[in-house]
Amino acid sequence: NAGVTQTPKFQVLKTGQSMTLQCAQDMNHNSMYWYRQDPGMGLRLIYYSASEGTTDKGEVPNGYNVSRLNKREFSLRLESAAPSQTSVYFCASSEEWAGRLSGANVLTFGAGSRLTVL
Amino acid sequence: RKEVEQDPGPFNVPEGATVAFNCTYSNSASQSFFWYRQDCRKEPKLLMSVYSSGNEDGRFTAQLNRASQYISLLIRDSKLSDSATYLCVVNMYALNFGKGTSLLVTP
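One line per chain: the protein sequences are S and R, in this order. Residue 37 in this note's numbering is what sits at position 37 of the first sequence, and the numbering runs on without skipping anything. Residue 99 in this note's numbering is what sits at position 99 of the second sequence, and the numbering runs on without skipping anything.
Looking at chain S on its own, in the form it has when it is part of the complex (with noise of 0.2 Å):
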């Protein structure tokens, strides 16, 4: 029961180095999507990808960009870190797409990676 893997947990970067978080999941999601989640400010999406082939932008899109590799992942880049995008990274995903008024799509959380940018 594996459920939204990310890799990795933790990482420290220097300004304006590069990474990028990856995500995997088993439940055969059709939908995934990034979050991050900052004191004070709750979860705000970043990307999301409704179906394999689709990426779309969230609420706070700049700075990073996505890849929806296949149906079961669903990767976050940082091209050129900055303090600003220090955070706690969710990725998640759900059956369909989230955001279909009258759906009732659950979404399920990986554990999280915690990004500093120095």
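By construction, these hints were calculated from the structure, which means they are not laboratory data. Predicted model, so just to flag it, every value in this text is computed and none were measured. Note that CB positions come from ideal geometry on N, CA and C, so glycine has one too. Be aware that one or more of the hints could be misleading.
Said to hold, decoys possible - Some chain S residues close to chain R (C-beta under 8 Å, calculated; not the full set):
id, residue
1, Leu45
2, Leu107
3, Ala111
Claimed, not checked - Straight-line C-alpha distance at most 16 Å; calculated EDC-like pairs for lysine to aspartate or glutamate:
id, chain 1, residue 1, chain 2, residue 2
4, R, Lys99, S, Asp38
5, R, Lys99, R, Glu5
6, R, Lys42, R, Glu3
7, S, Lys14, S, Glu96
8, R, Lys79, R, Glu15
9, S, Lys71, S, Glu96
10, R, Lys99, R, Asp39
11, R, Lys42, S, Asp38
12, R, Lys99, S, Glu59
Please build the complex by placing chain R on the supplied structure of chain S, with the hints as guidance.
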């Protein structure tokens, strides 16, 4: 006005107490509502969906008031293990998360 608003707390209650949280939302067209629970330094997990008629799961009761645009979560007979942050989630063309209400249940 923020789309989903919650009182951040913290709510400090003794074991066995009943505690209630409210969450207000701005878009009257919202269709789906949820409560998630997040333990310290862990991922959010679904606690319960909120249905129009209200629903109960053991010690937890969720209610929806569409006229006043709020949802509520009632926890009866609080346990130490209920200590967590409770996130209100509202579906408005995307899932919108509240910032969470912190609950601390003390012995």
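Now for the hints, and whether the structure bears them out:
1. Leu45: With a minimum Cβ separation of about 6 Å from chain R (threshold 8 Å), the hint on Leu45 of chain S holds.
2. Leu107: Hint on Leu107 of chain S: holds, closest Cβ of chain R at ~7 Å, below 8 Å.
3. Ala111: Holds, about 5 Å.
4. R:Lys99 <-> S:Asp38: 10 Å, holds
5. R:Lys99 <-> R:Glu5: 7 Å, holds
6. R:Lys42 <-> R:Glu3: Violated, at roughly 24 Å.
7. S:Lys14 <-> S:Glu96: 37 Å, violated
8. R:Lys79 <-> R:Glu15: 5 Å, holds
9. S:Lys71 <-> S:Glu96: With a Cα-Cα distance of about 12 Å, the restraint between Lys71 of chain S and Glu96 of chain S holds, given a limit of 16 Å.
10. R:Lys99 <-> R:Asp39: 14 Å, holds
11. R:Lys42 <-> S:Asp38: This hinted pair holds, its Cα atoms lying about 13 Å apart.
12. R:Lys99 <-> S:Glu59: Holds - the C-alpha atoms of Glu59 of chain S and Lys99 of chain R are around 15 Å apart, at most 16 Å.
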